[in-house]
Structures are given as C-alpha cells and as structure tokens.
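First to last, the sequence lines map onto chains A and B.
Numbered per the working numbering, the first sequence spans residues 1 to 620.
Numbered per the working numbering, the second sequence spans residues 1 to 320.
Hints were generated in silico from the structure; no laboratory data involved.
Where hints are given, some of them may not hold.
As the list claims (entries may be wrong) - Heads up, simulated SDA-like pairs for lysine to any residue below, C-alpha to C-alpha not over 25 angstroms straight-line:
no.	chain 1	residue 1	chain 2	residue 2
1	B	K76	A	P387
2	A	K324	B	I67
3	A	K245	A	P284
4	B	K28	A	T425
5	B	K76	A	K245
6	A	K327	B	K76
7	A	K327	B	Y108
8	B	K76	A	V385
9	A	K192	B	S101
10	A	K191	B	A59
11	B	K7	B	R27
12	B	K76	A	A386
13	A	K191	B	I67
14	B	K292	B	K313
15	A	K188	B	E55
16	B	K77	A	T425
17	A	K327	B	R58
18	A	K306	A	K324
19	A	K47	A	T299
20	B	K66	A	P284
21	A	K83	A	V385
22	A	K191	B	A56
23	A	K187	A	E371
24	A	K188	B	P54
25	A	K192	B	L48
26	A	K324	B	S101
27	A	K192	B	A59
28	B	K77	A	A386
29	A	K327	B	E55
30	A	K192	B	R58
31	A	K191	B	V20
32	A	K192	A	R317
33	B	K197	B	A229
34	A	K256	A	T299
35	B	K77	B	S101
36	A	K192	B	A56
Note that the structure is a prediction, hence the values are computed from the model and not measured.
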Amino acid sequence: MIDQEPVIGIDLGTTNSVVATIGDGVPRVIPNRSGQLLTPSVVAIAKNGKPLVGGLAKRQSITNAENTVYAAKRLIGRRWGSKEVEDARRVLPYELVAGPDGNDVRVMLGGKPVSVAEISSQVLAELKADAEAWFKRPVTRAVITVPAYFNDGQRQATKDAGRIAGLEVLRIINEPTSAALAYGFGKKLEKKVVVFDLGGGTFDVSVLDIGQSVYDVIAVGGDTYLGGEDFDRRIMDWLTFNFAKENGGVDLRQDKMALQRLRDAAEKAKCELSGTPSADIHLPFLAAAGEGRAALHLTKQLTREKLEELTKDLVERCVAVTEKTLKDAGVRPNQVDEVILVGGMTRMPRVQRAVRDFFGREPSKGVHPDEVVALGAAIQAQALVAPSIQGAEVLLLDVTPQNLGIMVVGGYFQTIIPRNTTVPTNQTHLFTTVQDNQTSVRIAVLQGESDKATDNELLGEFVLAGIRPARRGEVAIEITFDISADGIVGVSARDVDTGQEQSINVTATSGLTEDELKRIIDEHLDDQLEKKQSTADLERSRSRVAAVVAEIEAMVPDVQKALERSRFGRDAVQKAEGVLARARLALDGKDTDELTKVSEALERTLQLFKGLAAAPPEGS
Amino acid sequence: MSGHRHKDHQFNEAALAEPVELDLEQRKTILFSEAGLPTWTHWQVLGLEWNATPEAVRAAYLEQVKIFHPDRYAGKKLGSYRVRLERVFRRLTEAREVLTSEVDRAPYVLATAPALEVTRLEARRLEDERRSVERRGRLARHNPMLARAERITTLMKHGREMMAAGQFDQAANDFQLVASLDPGNTEAGPLAAVARKKGLEARVNECLEKAHAAEAMGSWQGALAAYRAAIEIDPVHIRSMVLASRAALMLGDAGGARGLAEQAIKVQPRSAVAHEALGLALEADGQKGDAKRALERAVEIDPRLDSAKERLKKLRWSFL
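Please construct the entire structure, taking both the sequences and the accompanying hints into account.
Structure representation (structure tokens):
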C-alpha cells in the first residue's frame with residue numbers, strides 16, 4: 001500500500017488547468033516544470049512546427065493567433081452546427097471545421113484538423129508529465145473534473161481526452177463537488193453548503209449536504225457558456241467599439257493579432273479591477289491607419305463601475321441560475337450554512353457582492369479559488385484507489401445535472417431520469433411495437449430541460465434491431481437507461497417475454513468513434529515513447545548539473561579564503577554566482593540545449609575554483 | 001442490517017462462494033440486504049423503527065451508504081456484488097427520498113403503520129379534530145370576523161338540518177339570515193328561496209289534508225274552509241280553488257262556486273279543470289249556454305278530460 005503508484009486530480013479548466021495529489025495525507029498542488037501552479041489550457045503549433053502546451057503556447061499566442069487554441073473546453077463534446085459552436089466560430093481566432101461525420105467539431109491546427117478531445121489531451125498529457133517530473137515516477141491514474149452542468153457528450157469527450165493522454169480516468173467528477181470535497185477535507189462537517197463556481201468559461205452552482213464524510217449533492221445548476229471569457233469579451237467589444245468610433249471606423253476584429261492583444265489586455269484589466277478602482281489599457285501600434293500614416297495606438301481607461309455596467313447581465317444570470325438551483329434543492333438562501341466561492345471570476349467584487357446579497361452572508365474565505373477544484377479531485381482519486389485508508393474515507397453522492405429522456409411521438413421530450421437524481425442510478429422504460437412485424441425501432445436519447453425534443457441535446461440514437469416479428473403491441477421491450485457515477489449514460493434492452501437481450505447500435509452524434517480513439521491513442525503512445533526518451537536525457541543532464549552546482553557551492557568558502565590572499569581573480573566568485581544563477585534557472589526549465597551549455601560553463605568554473613583553491617599563498 | 005440480523009438467513013451458496021475481494025461478513029451483509037429488498041419497507045431498508053424522524057432517516061442513510069456504495073470497494077474485484085451493491089444503494093436512496101420528502105413521507109408513514117398504530121393514529125386524529133373545533137369556537141368568541149364566519153357556518157348547518165327535518169320555514173329563515181350577513185354568499189339566497197317554496201307547499205298540503213278529511217266525513221263546510229285557508233296561504237294554488245269551487249257547489253252556493261272557478265282561470269287561463277269547474281257552476285246557476293261553452297273550452301284544452309266530456313254530452317242531450 002505504501003509504495004502504491006501515485007494518483008492525481010486534474011482540474012481541466014477553460015483558461016487554466018491545475019494538477020494536484022495527496023502527499024503525506026495532505027492534498028497539495030503539483031507545480032509544473034516551470035514552477036507555476038496554474039498551467040494555461042493553451043495548445044499551439046509554433047511557427048517552426050513545434051507543438052507547444054501551457055505557458056509557452058500562451059506566450060506566443062499574440063504572434064501566432066491562428067495556430068493557438070485556447071478555451072477548447074467550450075467546444076468539447078459539442079455538436080457541429082450547435083448554437084454554442086456557431087457563436088464560438090464567430091469570436092475565435094483559430095478555425096473550426098466539421099468532423100468526418102459532419103457532427104463533430106475539429107480545430108484546424110498546423111493545417112490539420114484535430115479533434116477537441118485531442119487538444120484537451122495535450123493539456124492533460126502536459127500535466128501528467130509535470131506530475132511525473134514531480135514524483136520522478138510514472139503516473140497513470142487520475143480523476144478529472146468537469147462543470148457539473150456538462151452533459152453526457154461533454155463528459156464522454158473529456159474522458160476520451162484522458163485516455164488519449166495515456167491516463168486511466170478513475171472518475172469524472174463535478175467541479176463544485178470537488179471544491180466542496182477540498183473545503184471539507186479534514187474537518188468534521190455537518191452543513192448545508194453551496195458552491196458558487198464561476199470559472200473561465202462555465203458557471204456552476206451546487207447545493208450539498210455534508211455529513212459523516214459523505215458529500216451528498218442535493219441539486220446542481222449552471223450554464224456551460226457563462227464565464228470569465230464572456231466578461232473579457234464585453235471589455236473587448238467596448239474597446240473595439242470605442243476604437244472604431246475614435247479612429248474613423250477602423251475595425252480591429254478583422255486583425256487576428258490585434259484581437260489577441262485586445263483579449264490579453266482585457267483579461268489583464270479585468271483582473272486588475274478586482275483590486276483597483278480603475279485600470280489603464282495601453283496598446284501601442286495596435287492597427288495600421290492606412291497607407292502613409294502613422295500606426296494607431298489604443299489608450300483607454302476602464303473603471304470598475306464601467307466594467308460592472310458592461311457585465312451587469314452576466315452577473316444577473318449567475319444569480320438567476322443560483323435561485324433556480326436552490327429552489328430545486330428545496331433550500332432557502334438563509335438555510336445555507338456556508339457559501340464557497342470557486343473560480344477566478346469570483347474575485348470580482350461585483351460577483352462577491354451579488355453572492356452576499358443573495359445569501360445574506362459573507363462567502364467563505366477559506367479556499368483558494370484557483371486550486372480548490374484540483375485538490376478535491378486529488379482527494380477523490382485517493383478515495384477511489386484506497387477507500388479504507390484513514391482520512392480518505394470520503395464518499396461522494398453526486399447527481400445528474402439534466403433530465404435524461406427520449407423523443408416521443410410529436411417531437412416531444414419524455415423524461416426518464418429527472419435531473420438531480422443521485423447517481424449511479426437506472427430506470428427502465430417499456431416500449432411496445434407500433435406496427436405488425438416491426439423488427440426495429442429507433443430511439444433518440446436526449447438530455448435537457450425543454451419539453452420539445454429538438455431544444456435538447458441529442459446524446460445519441462439507438463437502433464433496437466432484431467425484434468421478433470409479431471402483431472403490433474405484442475412485443476414488449478424493456479429498455480434500461482443508466483447513469484454511472486461519472487454521469488455517463490448507458491443503455492441496454494431486453495425482450496420482456498423471451499428475456500433475450502437486444503442488440504443496440506449506438507450512433508454517437510459527437511466526439512470520436514471508438515476506432516478513431518484507438519488510432520489516436522496508438523499514435524500518442526509513440527509520441528510519448530519519444531518524449532520519455534528525451535525526458536530521460538533531460539533528467540540525466542539535470543542531475544549532473546545539480547551535482548556540479550552543489551560541488552561549486554561547497555567550494556565557495558575555500559575559494560574566497562584563497563582569493564583574500566591573492567591579487568588577481570577577485571571577480572571569480574562574482575562570475576561564478578552568475579553561472580550558478582543561470583544553472584538554477586535551467587534546472588527549473590526543460591530546455592536540454594540550455595542545460596548542456598550551462599553544464600559546460602559550470603565545468604569551467606569548477607576547474608577554475610579547483611585551481612584557485614589549490615594555489616599556494618602568494619609570496620610564500 | 002448488522003451481523004446478528006442475518007444469523008438465520010438462508011444464503012445463496014453460489015454467490016457466497018464467488019471469488020471476490022470481500023470478506024465473508026461483507027458478503028453476508030450485502031447478500032442479506034439485497035435479498036430483503038423486495039419485502040422490506042423503507043424503514044427496514046434503513047434499519048429504522050417505523051416513523052423515525054427525517055433527521056434519523058438522514059443519519060441512517062449516511063451510515064448505510066458508507067456500507068453499500070460501490071465506491072467504498074473501489075479497486076476491488078467485486079464480481080456480481082457490484083450489481084448487488086448498486087441495487088441496495090439505489091433502494092437506500094429511494095427510501096431516503098421518500099422518508100424525507102415533505103409530500104411523500106406522510107402517506108408512506110400511514111401506509112406502513114403497524115395495526116396497533118393505525119387505531120392509535122385514528123384516535124389521535126379524532127382527538128385533534130375535536131380540539132381544533134374547540135379552538136375554533138374559542139377563537140370565534142374573541143374575534144368578530146371569525147365570530148361572523150362561525151355564525152354563518154352554524155346558520156348554514158342549522159338551515160340544512162331544518163330542511164332535512166321538513167322545517168322549511170325555519171330553514172328559510174336561517175338561509176335568509178346568512179344571505180343578509182354575507183351578501184357574497186352565492187349559496188344562501190337560492191337555498192332560502194327553495195326553503196320558502198317548500199315551506200309554502202307544506203302548509204298548503206296541510207290544509208288540503210284537512211279538507212280531504214272533512215270531505216271524507218261529508219263536511220263540505222269544513223272542506224270549503226280548509227280550501228280557502230290553502231288559497232290564503234298560496235293565492236295561486238289552482239287545485240285548491242277548483243276543489244273549493246266543487247265544495248261550494250255541493251253546499252248549493254253556485255255563485256261562490258263560480259267566483260272560485262273564475263279566480264282559478266284568472267291565475268291559469270289554460271287550466272282545463274278550472275274551466276270545467278266554471279262550467280259546472282254555470283250549469284248549476286242555470287246558464288246552460290255559458291256552461292256549455294266553458295265545458296267545450298275545458299275539453300279543448302285537455303281532450304282527455306273525460307268528466308267534462310261526459311257533462312258536456314249531458315248538456316247537449318238535454319238541449320236537444
């Protein structure tokens with residue numbers, strides 16, 4: 001048990017991702033190889049064809065907007081042609097195309113269409129590698145979080161992304177539930193808790209009843225298209241509108257590089273305004289004014305009041321969703337014992353005020369909004385590999401976020417498993433044939449809140465084939481819909497009279513097919529082997545550099561003593577300090593070339609030191 | 001669902017022998033609970049006494065899910081026990097839902113009550129009802145609004161009782177009072193009208209009965225007086241008028257008989273018997289032509305009025 005392979009929890013965010021684990025019984029965030037706790041969820045193909053992930057990808061996004069993919073989470077598990085995807089196409093600098101079956105969304109990256117699951121898998125693989133560098137051993141099992149309001153397709157696609165990244169996904173859990181888990185860790189709570197999670201792209205509200213280490217979710221609600229990105233967009237729109245007004249109608253939206261700079265500036269200003277009443281936005285040389293004229297600069301001041309005015313309706317939407325969710329839970333705002341704020345957007349004072357006004361209490365300050373979700377995922381991962389270990393005996397009882405049902409005559413939606421049902425759960429539904437000698441029936445399975453089938457998300461179509469020929473109404477088929485603890489939907493069918501299991505052909509309407517997934521996983525396995533190879537080289541040079549650094553550091557006192565007696569070489573220590581600083585930086589990074597160079601410089605310094613320390617005192 | 005409970009249970013040997021990573025006690029606990037699902041009540045599933053409080057239900061649920069949630073055995077080989085665990089877990093969840101629901105709990109409590117409890121509950125319900133009646137009465141005495149409402153309820157109740165007992169005038173009185181106390185009451189007005197009508201009918205019938213009794217004794221004088229009393233009560237009561245006309249005729253008062261008949265015709269011009277009575281009175285008075293016309297009119301209105309036809313035939317014969 002002691003030497004069990006480590007497990008990790010991953011918060012795969014819209015803007016940033018975080019990986020965490022349990023070390024010595026305490027959940028903690030694993031810093032990435034650059035030493036940061038947050039890894040930007042950005043994937044790019046650099047101009048030189050090199051794939052980039054995380055901070056490196058984000059840093060070059062301005063100059064390479066078309067081949068830099070961010071906010072992939074907003075697209076994952078979405079259907080081509082859906083409203084969300086159409087909206088995204090209008091605002092994203094990178095190009096989207098339909099998948100081969102016309103349902104799936106693909107991202108054009110480096111001139112090739114790539115599935116969204118693959119994009120997300122690269123972020124996951126990066127985090128996996130970070131964790132492996134931290135543990136200095138392989139990591140294969142993880143819990144990944146998704147917004148509570150994610151539907152089956154989005155969960156399935158996230159799970160696929162994990163598989164492509166070479167991870168065994170122990171469980172997909174909901175972000176707010178995960179946050180509650182981290183909040184309650186190590187405390188003996190008997191409380192009704194609301195988690196208000198406003199992240200980069202999604203908004204979730206969950207009501208939980210915590211007792212005896214059981215985290216019982218009563219209700220969830222949310223909007224998978226409401227988050228920090230929308231707040232940024234409002235600022236961008238305001239800036240582009242004013243810029244056009246002041247510069248004779250220059251439309252910044254046509255320029256992808258300008259747009260990317262605007263996006264960064266908007267995000268920065270938004271964050272600044274959480275701490276200060278106003279923020280200056282200064283973007284020199286933002287656009288060309290036309291032939292022979294000087295380039296145009298953007299200089300603008302954004303006040304907190306203006307930002308609040310621009311995003312008023314977004315905050316109101318959050319409150320409306322919260323209200324509905326509490327109603328579903330049968331809980332009044334004043335019955336809530338604790339409100340936990342999660343997600344970077346909850347730093348906005350206006351958002352905090354809205355929460356305070358609604359619940360009539362101060363939100364809890366005890367958790368770190370960016371890290372808490374990953375920490376909770378790590379706790380759940382630990383509970384799923386070693387449920388009996390002291391401190392890990394938490395139990396999550398989550399619910400299904402949306403009604404699950406089927407399309408019935410007239411295009412109506414019939415709910416089979418209502419939302420907020422505790423998972424795992426199942427429900428059987430009896431079908432009878434409607435025609436004589438009917439041998440197959442097509443069933444559309446949907447998820448959503450509308451009575452009209454077409455307004456809901458189509459999860460898939462199931463063809464029940466091989467029904468025995470009989471008069472209509474004589475064959476009864478029992479279909480069982482089940483929802484796993486991951487929130488993922490499964491369907492099975494049985495002939496009631498003969499007890500015969502029926503074959504079900506699933507036509508996935510979005511995401512990758514099983515064959516495609518297998519092919520991609522194989523390809524990635526090859527990649528990872530290569531990467532492992534280079535990782536091993538990197539590790540070797542690293543340990544050598546570290547050893548030399550330690551040796552030099554140990555010699556410094558001797559060398560200094562020797563120098564006191566010498567007239568020359570006074571700056572040797574100073575120079576050595578420079579080399580050492582460079583070496584420490586290189587140790588944190590993962591640039592093998594730089595490590596080699598540093599290693600050479602260190603060797604030279606070492607030789608010099610050895611010479612100095614060994615030199616006899618001058619004049620003796 | 002603790003150990004001692006499954007001491008006498010007949011275990012499924014095949015399932016018990018399944019090679020899974022669960023110790024014998026765990027296997028027994030799971031098999032025992034799964035076997036109990038079809039017959040146990042929600043209380044029993046949660047290991048609770050009947051009618052345990054919602055708080056106790058919740059606490060028991062948390063205890064039980066820690067035993068029966070599949071996640072508690074994550075990473076272990078469970079074989080058929082996975083499905084068994086899920087089955088028990090779902091039932092526990094269902095039990096919790098019902099027993100903590102504001103809507104579903106009360107009916108379930110009643111439906112699963114032990115026989116002794118049913119009697120006790122019924123007694124308590126009756127006692128509660130009696131108390132609430134008493135409390136309402138007490139309140140009514142102190143609150144003018146409630147007092148009025150209380151008075152209206154009493155009057156309506158009394159009115160209906162009187163109506164049922166045949167005390168129509170009393171009933172009409174009650175309803176009328178309600179209608180004046182509460183002008184918005186749509187029930188009282190029509191009820192008062194019905195009661196009044198029934199009261200009238202009852203009194204008229206009383207007179208008619210007296211008249212019939214007098215006739216049976218040959219006292220036409222008494223009968224006539226009774227008929228007149230009926231007409232007094234109900235001035236449009238044609239049958240009384242016609243019968244009074246006949247009584248007057250029997251007493252030899254052709255003029256009086258004619259007056260009564262004409263009075264009836266005035267009230268109901270299309271009453272065959274009234275015209276017949278007029279015919280008879282006129283005949284007795286010697287005005288045969290007019291008598292004949294009156295009888296003809298009676299037959300015209302009601303061709304089946306044989307007595308009038310007979311009389312008319314006689315008049316024609318004597319005329320010929």
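Hints and how they fare:
1. Taken as a hint, the K76 (chain B) and P387 (chain A) pair is honoured in the structure, with Cα atoms around 10 angstroms apart against an allowance of 25 angstroms.
2. Restraint check: the Cα-Cα separation between K324 (chain A) and I67 (chain B) comes to about 33 angstroms, which exceeds 25 angstroms; the hinted pair is violated.
3. As the CA atoms of K245 (chain A) and P284 (chain A) are separated by approximately 17 angstroms, the hinted pair is consistent with the 25 angstroms bound.
4. A distance of roughly 23 angstroms separates the Cα atoms of K28 (chain B) and T425 (chain A); the hinted pair therefore holds under the 25 angstroms criterion.
5. At most 25 angstroms may separate the alpha-carbon atoms for a hinted pair to count; K76 (chain B) and K245 (chain A) exceed this at roughly 66 angstroms.
6. At most 25 angstroms may separate the alpha-carbon atoms for a hinted pair to count; K327 (chain A) and K76 (chain B) exceed this at roughly 39 angstroms.
7. Note on K327 (chain A) and Y108 (chain B): the hinted pairing holds, with a Cα-Cα distance of about 24 angstroms set against a maximum of 25 angstroms.
8. Between the alpha carbons of K76 (chain B) and V385 (chain A) the distance comes to roughly 9 angstroms, so the proposed pair stays at or under 25 angstroms and holds.
9. Simply put, K192 (chain A) and S101 (chain B) have alpha-carbon atoms about 17 angstroms apart, close enough for the 25 angstroms limit, and the pair holds.
10. For the proposed pair K191 (chain A) and A59 (chain B), the alpha carbon gap of about 13 angstroms is at most 25 angstroms, so the pair holds.
11. Straight-line distance between C-alpha atoms of K7 (chain B) and R27 (chain B) comes to about 13 angstroms, which keeps the hinted pair within the 25 angstroms bound.
12. Our distance criterion of 25 angstroms between C-alpha atoms is met by K76 (chain B) and A386 (chain A), whose separation comes to about 10 angstroms.
13. A distance of roughly 22 angstroms separates the Cα atoms of K191 (chain A) and I67 (chain B); the hinted pair therefore holds under the 25 angstroms criterion.
14. Taking the CA atoms of K292 (chain B) and K313 (chain B), the gap is about 9 angstroms. The hint holds against a cut of 25 angstroms.
15. This hinted pair checks out: K188 (chain A) and E55 (chain B) have alpha carbons roughly 18 angstroms apart, not beyond 25 angstroms.
16. Restraint check for K77 (chain B) and T425 (chain A): the C-alpha separation of about 21 angstroms stays at or below 25 angstroms, so the hint holds.
17. In summary, the hint linking K327 (chain A) to R58 (chain B) is supported, as the alpha carbons are separated by about 20 angstroms, within the 25 angstroms threshold.
18. For the suggested pair K306 (chain A) and K324 (chain A), the alpha carbons sit about 28 angstroms apart, so the restraint of at most 25 angstroms is broken.
19. A C-alpha spacing of about 30 angstroms is found between K47 (chain A) and T299 (chain A), which places the hinted pair above 25 angstroms, so the restraint is violated.
20. For the proposed pair K66 (chain B) and P284 (chain A), the alpha carbon gap of about 61 angstroms is over 25 angstroms, so the pair is violated.
21. Distance restraint check for K83 (chain A) and V385 (chain A): the Cα-Cα separation of roughly 40 angstroms exceeds the 25 angstroms cut-off, and the hinted pair is therefore not satisfied.
22. Restraint check for K191 (chain A) and A56 (chain B): the C-alpha separation of about 16 angstroms stays at or below 25 angstroms, so the hint holds.
23. Only pairs whose Cα atoms come within 25 angstroms are accepted, and K187 (chain A) paired with E371 (chain A) is accepted, the gap being roughly 18 angstroms.
24. At roughly 21 angstroms between alpha-carbon atoms, K188 (chain A) and P54 (chain B) fall within 25 angstroms of each other, so this suggested pair holds.
25. Annotation: proposed proximity of K192 (chain A) to L48 (chain B) holds, straight-line Cα distance about 24 angstroms (limit 25 angstroms).
26. At most 25 angstroms may separate the alpha-carbon atoms for a hinted pair to count; K324 (chain A) and S101 (chain B) meet this at roughly 19 angstroms.
27. As the CA atoms of K192 (chain A) and A59 (chain B) are separated by approximately 14 angstroms, the hinted pair is consistent with the 25 angstroms bound.
28. For the hint pairing K77 (chain B) with A386 (chain A), the CA-to-CA distance comes to about 13 angstroms; that is within 25 angstroms, so the pair holds.
29. This hinted pair checks out: K327 (chain A) and E55 (chain B) have alpha carbons roughly 21 angstroms apart, not beyond 25 angstroms.
30. Proposed proximity of K192 (chain A) and R58 (chain B) is supported: the alpha carbons are some 13 angstroms apart, at most 25 angstroms.
31. Taken as a hint, the K191 (chain A) and V20 (chain B) pair is broken in the structure, with Cα atoms around 36 angstroms apart against an allowance of 25 angstroms.
32. Taking the CA atoms of K192 (chain A) and R317 (chain A), the gap is about 23 angstroms. The hint holds against a cut of 25 angstroms.
33. About 17 angstroms separates the Cα atoms of K197 (chain B) and A229 (chain B), which keeps this hinted pair within 25 angstroms; it holds.
34. Distance hint between K256 (chain A) and T299 (chain A) is fulfilled; the C-alpha atoms sit about 19 angstroms from each other, no more than 25 angstroms.
35. Distance restraint check for K77 (chain B) and S101 (chain B): the Cα-Cα separation of roughly 36 angstroms exceeds the 25 angstroms cut-off, and the hinted pair is therefore not satisfied.
36. Proposed proximity of K192 (chain A) and A56 (chain B) is supported: the alpha carbons are some 17 angstroms apart, at most 25 angstroms.
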